[in-house]
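Numbered according to the UniProt record's numbering, the first sequence spans residues 1 to 959.
FYI, nobody ran anything at the bench for these hints, they're computed from the structure. Incorrect hints may appear among the rest.
[To be verified] Distance windows between CB atoms, simulated:
#1 749 / 828: 27 to 33 Å
#2 807 / 123: 49 to 55 Å
#3 699 / 804: 24 to 30 Å
#4 223 / 165: 55 to 61 Å
#5 267 / 199: 22 to 28 Å
#6 419 / 767: 57 to 63 Å
#7 579 / 209: 29 to 35 Å
#8 697 / 367: 42 to 48 Å
#9 631 / 139: 49 to 55 Å
#10 508 / 807: 25 to 31 Å
#11 697 / 232: 28 to 34 Å
#12 671 / 827: 44 to 50 Å
#13 767 / 587: 19 to 25 Å
#14 199 / 164: 16 to 22 Å
As the structure is a prediction and not an experimental result, all values here were calculated from the model. Yeah, the Cβ is synthetic: ideal placement off N, Cα and C, and Gly gets one too.
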Amino acid sequence: MRVRGGQEAAQDKETSLDSDEERGRRGLRQTTLLDYMAGPAKPKKPEPPPTLHREREPESKYQNTLPETTGKEPASMSLRRNQPSSKHEEYNSESGDVRGLTLEPSPQSELSDDDVILELVREPWVESVRGYLLDVRYDGSLGKAVLMLYDPSSGSLVKWADRTGHKPYFLTDARPEDLRAAGVDVSHDESFLQYDLVEKFHPIDRKLVKLTKIVVSDPLAVRRLREKVSSAGFSVWEADIKYHHNYIFDRQLIPGILYEVGGVRIVHTLPLEMDDATRIVDEIFREEPREVRERAREWLRIFEAPPPKLPLIAFDIEVYSPIATRLPDPSTAPYPVISAATADSSGRSRVVLLYRDGVEFTEGALPEGTEVEIYDSERAMLLDLVRILQRYPLVVSFNGDNFDLPYIARRLEVLGVPREFAPIELKQDYATFRRSLHIDLHKLFGIRALQVYAFGNKYRELSLESISRALLGKGKVELKAPVSELNLNKLIEYNLQDARLTLELLTFSNNLVFNLIIMVMRTSKLGIEDITRSQISNWIRGLMYWEHRRRRWLIPSRGEIEKLSSAGARVGAIIKDKKYRGAIVLDPPVGIFFRVLVLDFASLYPSLIKQWNLSYETVNNPNCRDTIEVPEVGHRVCREFKGISNEIVGMLRDFRVRLYKKKSKDKSLREEERLWYDVVQSAMKVYINASYGVFGSEKFSLYSLPVAESVTALGRAVLRGTLEKSRELNLHIVYGDTDSLFIWDPPKDVLNDLVDYVERTYGLELELDKVFRAILFSGLKKNYLGITEEGDIVIKGMVAKKSNTPEFIKDEFSKAVKILSKLEKPEDVEAILAELRDHINTVYNNVKKKVYTLDQFAIKVMLSKNPREYDKNTPQHVKAAMLLQRLGLTLSRGDIVYYVKTRDKLGVKPVQLARLSDVDPGKYVEHVKTAFEQMLMAFGISWDDISGVRKLDRLLFDS
DNA sequence: ACAGGTCTATTGTAAC
DNA sequence: GTTACAATAGACCTGT
1 MRVRGGQEAA QDKETSLDSD EERGRRGLRQ TTLLDYMAGP AKPKKPEPPP TLHREREPES
61 KYQNTLPETT GKEPASMSLR RNQPSSKHEE YNSESGDVRG LTLEPSPQSE LSDDDVILEL
121 VREPWVESVR GYLLDVRYDG SLGKAVLMLY DPSSGSLVKW ADRTGHKPYF LTDARPEDLR
181 AAGVDVSHDE SFLQYDLVEK FHPIDRKLVK LTKIVVSDPL AVRRLREKVS SAGFSVWEAD
241 IKYHHNYIFD RQLIPGILYE VGGVRIVHTL PLEMDDATRI VDEIFREEPR EVRERAREWL
301 RIFEAPPPKL PLIAFDIEVY SPIATRLPDP STAPYPVISA ATADSSGRSR VVLLYRDGVE
361 FTEGALPEGT EVEIYDSERA MLLDLVRILQ RYPLVVSFNG DNFDLPYIAR RLEVLGVPRE
421 FAPIELKQDY ATFRRSLHID LHKLFGIRAL QVYAFGNKYR ELSLESISRA LLGKGKVELK
481 APVSELNLNK LIEYNLQDAR LTLELLTFSN NLVFNLIIMV MRTSKLGIED ITRSQISNWI
541 RGLMYWEHRR RRWLIPSRGE IEKLSSAGAR VGAIIKDKKY RGAIVLDPPV GIFFRVLVLD
601 FASLYPSLIK QWNLSYETVN NPNCRDTIEV PEVGHRVCRE FKGISNEIVG MLRDFRVRLY
661 KKKSKDKSLR EEERLWYDVV QSAMKVYINA SYGVFGSEKF SLYSLPVAES VTALGRAVLR
721 GTLEKSRELN LHIVYGDTDS LFIWDPPKDV LNDLVDYVER TYGLELELDK VFRAILFSGL
781 KKNYLGITEE GDIVIKGMVA KKSNTPEFIK DEFSKAVKIL SKLEKPEDVE AILAELRDHI
841 NTVYNNVKKK VYTLDQFAIK VMLSKNPREY DKNTPQHVKA AMLLQRLGLT LSRGDIVYYV
901 KTRDKLGVKP VQLARLSDVD PGKYVEHVKT AFEQMLMAFG ISWDDISGVR KLDRLLFDS
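Start from the sequences and build out the full structure, keeping to the hints where you can.
Here it is in structure tokens:
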């Protein structure tokens with residue numbers, strides 16, 4: 001039998017690390033392996049039925065090891081806990097007895113306080129393990145990098161402290177004697193370890209350079225010494241890379257895959273080359289050089305490795321608050337946590353409650369299969385909660401970084417638990433557990449690239465409610481009273497629902513989101529806690545840095561890349577508020593067109609990056625002789641060597657287009673495999689779509705304006721060239737935007753000519769995207785309505801489709817669209833127009849008569865900043881927000897304000913304060929007008945031309 | 001002083 | 001990341 005999770009090793013390690021004090025305590029009662037493993041983390045083991053579940057009791061000896069509480073609670077009560085879940089039926093029938101029961105001491109004790117403490121402070125160190133690498137941390141007290149691995153054989157997370165002797169360092173062009181001569185002899189620094197002479201390839205200078213590696217014992221010393229060295233006029237490199245990242249890059253680790261760690265070796269266990277893998281890769285990359293094909297084979301093994309399945313637990317806490325609308329401040333944690341719910345991936349759910357005078361159970365049933373416990377002592381409750389959470393390798397929260405974790409941590413301090421017994425680590429911008437990993441879904445779903453490319457902009461607000469509504473089709477439990485005033489049944493129901501939603505957001509659709517995270521970790525080479533908290537530019541940075549290290553390339557400094565930027569021809573006129581020129585949007589016609597085909601360039605920008613060898617070191621590099629000029633902007637792209645960005649982007653693009661898009665739809669594969677491949681291709685899509693954007697963003701460490709500028713310039717050239725060719729071929733292009741062309745009723749063979757031309761001339765793939773049976777153009781850019789051959793309706797950019805358009809307009813507009821969808825041939829136009837006219841007349845009258853509800857009149861607009869930060873002017877939604885704030889409601893950045901337009905002087909009112917009689921119909925007529933006009937314009941008529949409307953308007957105005 | 005007009009800037013949302 | 005649109009705020013001008 002296998003050693004379980006290296007637990008034996010863990011014991012050894014503990015002995016060596018423990019202080020005398022801790023050893024002594026363990027002497028009291030040795031925690032058995034079983035105690036530790038008995039947690040719910042073992043997915044296979046069936047859970048005991050709730051009635052058999054018995055919590056360990058009592059906690060009277062707690063005081064021996066933990067300091068006295070601040071005296072807020074009477075000792076006799078604070079240290080005792082009631083009989084748990086098994087009794088909750090009794091509470092139901094005799095709620096009046098809750099108090100009596102809570103004071104009843106339990107007859108049995110299974111776990112002493114020492115065990116509780118031990119479990120809280122113990123760290124699962126191992127010397128060897130076979131497990132999935134999930135993250136790397138830096139442990140300050142050890143002064144070492146620590147691998148966090150999930151061991152599937154024990155179902156738990158283990159830690160492995162570095163034994164490879166890796167140390168923090170940075171690079172400089174100064175030799176040790178130069179530093180001495182310049183009076184910055186860093187070797188006297190207390191953290192200094194040694195100088196190493198290293199040779200690296202400089203990607204811009206295109207030659208090997210000899211550098212001094214200043215090795216230190218402490219990552220903080222890097223920052224300190226870097227300042228010294230650079231202020232003496234020397235160049236420094238790679239000094240701003242976080243140490244735990246440096247460790248991953250240097251050891252060439254791939255988070256998210258299975259490793260065997262032991263001794264000083266960290267070896268991945270990727271599946272050996274599958275027979276057909278070589279064949280597939282050779283086929284896809286047959287035109288690439290040998291090294292690229294070899295790289296591709298390694299990538300393939302990473303993508304093909306199945307994702308880990310690990311036990312997850314989601315949790316959420318509810319805190320008492322005297323002011324219903326305000327959450328207590330986690331930095332002071334002044335009020336008690338009254339409830340905490342957990343839901344795990346094996347289907348188990350628990351709620352722990354704090355006993356409060358006068359707050360009782362009601363008749364209603366409790367959620368099925370849920371273990372409920374009431375505590376007299378908040379401290380015991382929180383410690384138990386943390387203990388349970390820490391048994392899982394991965395804890396999930398919604399906003400845990402900014403609320404739940406800091407609150408619990410601070411609250412435990414307030415309750416007299418010393419910091420070292422509360423295994424929560426509050427980092428600079430996030431919070432986690434000492435022994436578990438933590439994902440905050442609020443941060444994860446706030447990553448814009450995911451929002452847009454992975455979730456198709458389905459949710460707008462970053463709240464648990466709106467995200468789960470959009471992705472799971474269900475929301476939070478609706479409350480009629482503030483959390484602090486709920487009876488216990490409702491509190492349990494509400495709290496638990498939040499925990500369950502949180503869990504489900506990660507696990508729905510066969511672990512879609514979790515698997516996506518794993519895939520992104522593997523690609524970016526960053527740990528799970530980094531990936532889930534950083535924007536895509538950091539993901540790409542991880543991948544690029546890792547790749548630089550693999551090639552033994554020096555990672556250039558911002559300044560070095562910046563220099564190439566100014567070396568460029570730079571002819572483009574400076575555009576106001578913009579850094580560079582973007583894409584072309586063709587002027588659309590006004591009218592209705594039948595049989596319009598849409599062609600688009602498959603991943604235009606990434607393809608251009610690949611085809612044109614665009615990378616920070618290939619554009620405007622003076623160390624390259626053989627260059628080719630980018631039209632319009634005049635940047636010169638190197639042809640002598642292959643760039644790093646385009647190689648990576650090109651590889652991901654090819655994998656996606658040629659392999660994984662197909663695999664995700666391959667019916668011969670098992671459902672689970674297909675879903676995985678869909679995740680793989682989605683992750684690649686996120687990457688390649690962002691690959692162009694990051695070069696134009698200062699936040700990206702390899703920021704290169706010439707690259708971004710060249711991409712868009714080439715995009716324009718390609719679109720223009722294709723347009724010209726279309727004219728030659730007598731194709732009628734009606735519209736186009738960035739990478740698409742709308743062609744009116746083309747002969748089929750001519751279309752093929754165009755596709756061939758694009759392939760030949762630009763090496764790009766032009767694909768048929770859609771065929772519209774009919775399409776309406778309003779004459780506005782990015783604004784059309786089409787009906788495809790299959791009868792699907794495609795609406796782009798129209799006012800009626802925008803999220804800030806009142807609901808009734810959307811409803812009425814979609815009725816109009818239904819009428820329109822009958823449109824098949826030109827002869828239908830007249831009849832349909834007549835029908836539309838009727839409908840619009842009705843709508844007009846309905847608005848004037850206000851037949852809609854207040855909610856339907858609501859305009860929903862997001863606050864892009866906190867209300868007080870609007871200093872230039874005060875938009876309507878901000879005015880409405882301020883009215884709400886006067887009532888004590890706090891509104892902040894990211895919140896959506898619902899308001900109606902009113903007749904009073906201010907002109908707006910939040911829906912919460914408005915009545916239907918406040919609504920100004922005249923202002924809504926204007927709104928309706930713009931919405932429908934975008935449809936009517938295609939028919940060649942304007943709003944005023946709709947007969948009757950004008951008459952009615954006058955009539956109503958006159959009266 | 002102020003109503004009503006023009007013009008520009010700000011803001012939010014969407015397409016790509 | 002840029003391009004594009006709608007709605008509106010606020011500055012400025014003009015006529016009374």
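Consistency of the hints with the structure:
Here the CB-CB span from residue 749 to residue 828 is close to 29 Å, well matched to the stated 27 to 33 Å. A C-beta distance of roughly 54 Å is found between residue 807 and residue 123, which places it inside the suggested range of 49 to 55 Å. For residue 699 paired with residue 804, a C-beta distance near 28 Å keeps the hint of 24 to 30 Å intact. Checked against the given bound of 55 to 61 Å, the beta carbons of residue 223 and residue 165, roughly 22 Å apart, lie outside it.
For residue 267 and residue 199, the Cβ-Cβ distance of about 27 Å falls inside the hinted range of 22 to 28 Å, so the restraint holds. For residue 419 paired with residue 767, a C-beta distance near 59 Å keeps the hint of 57 to 63 Å intact. Checked against the given bound of 29 to 35 Å, the beta carbons of residue 579 and residue 209, roughly 31 Å apart, stay inside it. Restraint check, residue 697 to residue 367: a C-beta distance of roughly 46 Å satisfies the suggested window 42 to 48 Å.
Take residue 631 and residue 139: their Cβ atoms lie about 54 Å apart, and the range 49 to 55 Å holds. As the Cβ distance of residue 508 to residue 807 is approximately 27 Å, the hint placing it in 25 to 31 Å holds. Between residue 697 and residue 232 the Cβ separation comes to about 32 Å, which falls inside the hinted range of 28 to 34 Å. For the pair residue 671 and residue 827, the supplied restraint of 44 to 50 Å holds, since their beta-carbon distance comes to about 47 Å.
Between residue 767 and residue 587 the Cβ separation comes to about 24 Å, which falls inside the hinted range of 19 to 25 Å. Between residue 199 and residue 164 the beta carbon distance is about 21 Å. The supplied range of 16 to 22 Å therefore holds.
Consistency note: the structure conflicts with earlier hint 4 alone.
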